Amino acid sequence: MTPRDVTDPDVRDLIRLVEEATSVFIRGDMRRYVELVPRADDYTLMAPSGGEPRRGFDGSDDALDALEQFFRRGEAELDVFETYASGDLAVLVAIERQHGEVGGLSDQDWSLRVTQVFRREGSEWRLVHRHADPLVHEISHEHVGALARGEASATS
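In terms of this note's numbering, the sequence shown opens at residue 153 and continues consecutively.
Just so you know, the hints here were simulated from the structure itself, not pulled from any lab data.
DEER-style ranges, computed between Cβ atoms: (1) Ile167 x Val296: 28 to 34 angstroms; (2) Arg164 x Gly203: 32 to 38 angstroms; (3) Asp214 x Glu172: 21 to 27 angstroms.
Note that the coordinates shown come from a computational prediction; the quantities given were computed from them, not determined experimentally.
Glycine is no exception: its CB is placed at the ideal position from the N, C-alpha and C atoms.
Turn these sequences into a full structure, and let the hints guide you.
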């Protein structure tokens with residue numbers, strides 16, 4: 153069987169899948185999330201909390217249990233800004249407009265700007281790369297500079 157290029161209906165199906173995955177993630181249903189969005193072997197992550205990019209995904213029971221304790225009771229809506237598709241790759245540029253209880257904090261806005269790269273392997277989409285950041289609300293250049301220096305805020 154020869155691979156086929158990603159079509160517009162393929163991208164629409166992928167968006168529906170990611171919409172559901174976004175909702176189950178913020179609710180803490182990590183096992184369902186992993187079922188919906190399997191990772192490619194060469195998966196990379198640029199986490200919303202910053203730091204160096206990471207390779208791989210720990211889908212062990214212990215890791216998923218920890219994530220389920222970290223993310224609790226939330227709601228999300230995926231706001232797709234742009235999509236790109238070529239060959240067997242699809243890219244979604246979106247905002248995950250969400251709120252929830254995260255890391256023991258009370259329910260609050262946890263919206264993220266997200267770029268996700270998917271590769272179709274056979275009939276399945278696999279997440280190859282995810283880059284997320286919390287900069288949904290614009291910040292000043294001074295604050296950007298402070299963050300780039302590793303400071304918590306521009307007033308630190």
